[in-house]
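Chemist: Read left to right, the sequence shown gives residues 4 to 542 (my numbering).
Quick caveat, the hints were computed from the structure, so don't treat them as lab data.
Wrong hints could be hidden among the right ones.
As a list, the in silico DSS-like pairs of lysine-lysine whose alpha-carbon atoms are at most 25 Å apart [to be verified]: (1) Lys121 x Lys160; (2) Lys168 x Lys121; (3) Lys160 x Lys170; (4) Lys159 x Lys121.
Keep in mind that this is a model prediction, so the values were computed, not measured.
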Amino acid sequence: MSTAAATTAPGPSRGKQAQVRVQRFGAFLSAMIMPNLPAFLAWGLITSLFIAVGWLPNGILGGFGNADEPGSWQGAATQLALADDGTTFQQYVGLVGPMVTYLLPILIANAGGRIVYKERGGVVASIVAVGMITGSTVPMFLGAMIVGPLSAWVLKKVDSIWAGKIKPGFEMLVDMFTAGILGAAMAVGAFFGFAPIITGVSDALGNVVSWMADNHLLPLMAVVVEPAKVLFLNNAIGNGVLVPLGAQEVVEQGQSLLFLVESNPGPGLGILLAYTFFGVGAARSSAPGAAVVQFVGGIHEVYFPFVLMKPALIIAAILGGATGIATNVVFGSGLRGPAAPGSIIAVYAATPRDSFVGVTLSVLLAFAVTFLVAAVILRASRKRDLAAGGGDLAAAIAQTEANKGRSSAALGAMAATVGAGTATTDGAGPTDGVAAATAAPVRSIVFACDAGMGSSAMGASILRDKLKKAGRGDITVVNKAVATLEDDVDLVITQRELTDRARRHAPSARHVSVDNFLSSPVYDDVVREAQAQAERSTS
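Full structure from sequences and hints, please.
Modeler: So this is what it looks like as structure tokens:
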């Protein structure tokens, strides 16, 4: 009789655990911000066009016109304002103020509430957000990120108290009154309790930024932001701090350079073009296409594998980022709203009329400094790189996706060009693993990623088309965020790093892991098994 010695794999280091926690926190913040970026873009465009110093100044839409003047537009919302001579007049409210004060925070709170407790959570979060907004004079982005998920969590806990204890026929009555009463109570609490606290926190963070500006220290932000981007820790910084503070600065000053701290496409372009001219192997051949995706498409993560291949390049990114920030400080330039994605097109769309020179120079100088420093680093190691075969770009792409904690459409496409994109299914070979995973009939398939957008949507579209061509269009294929998975699906496809989280949300489903959503042989295996199931059901 033989015995096998049990071995225990070492757990992740404390540093890795901390990184994962920050990534999850950043992903949670992104899940509140990313779906609402079109609203931020709309607000930024309206602000750039219609305020008094905009491209097309309009007192009615920009909120600075006098409604008492003869021939003024009648019927629009107005508010009492004080003129320079001390007299009062009815001033148009416009679109800019209500959007940044009410619309954007309510959308953020609603998204946070839905993440925690679906539609009911979103509704109550919106109610509480109004209490937070009206209890303060500053834009409540930070407050919305806090009270949105928190109020939904409170409602979820209260609902659980009498879950399954309500007599049939009274469920709707109890649900409606619970949400309404609790929402009203928390709105009042947010008005008098949370709003002053969040106002103080916002003022404190604003004072820190002002202190850094007064002491010419803003360029040092690049020392934190640029390495954080490569490790995908920037969401917590950008969405949690820079976007809320930037929006507040726009209200107070009309623009903010904080929107360009991590969105400046110059450093990434500098690194990729340095690889184009001075790199070797697959990295050199892949860099030009990645440069277009990064600079025009705004997908900054495509340059992260190139930095991971040669970590010394983070110095080039830091110096380039600091140069861009310093340029905006010198020229007093900034953006009206977030440049998302970080494309040069999005940057210019949010640029005020009087900031075009400064913003343009910030991008060009950030690119130039990064390119020159990266070129020196690559030239110095060129012989060693040639002897080593040019480095392993595929491994660097895989490491980038591991740092991100989810698959990426852009990285997946780049991986396909360098021979990456292998797939596994829960530790088994692709065919055998999928065959085991799809042994039972499959009627619904869910692609799940952190945000439920982008890469998972593209993966779902690819598999949906394959199933239709194979005559199995009856199988439902959708994409969702991992946090919104329910235990009512047959097959869940995720990136390997998310499989364990997906299992917790859908324990009864079969789970398949892939390296990326764009180039996985698993899809063909799923199609073959689906066809085999159809044949077995008709035989």
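Chemist: It remains to establish, for every hint, whether it holds in the given structure.
Modeler: Each hint tested on the structure:
Pair hint Lys121 plus Lys160 holds up; C-alpha atoms about 14 Å apart against a cutoff of 25 Å. Distance hint between Lys168 and Lys121 is fulfilled; the C-alpha atoms sit about 21 Å from each other, no more than 25 Å. Restraint check: the Cα-Cα separation between Lys160 and Lys170 comes to about 19 Å, which is no more than 25 Å; the hinted pair holds. Distance hint between Lys159 and Lys121 is fulfilled; the C-alpha atoms sit about 10 Å from each other, no more than 25 Å.
Checked against the numbered hints above, the structure breaks none of them.
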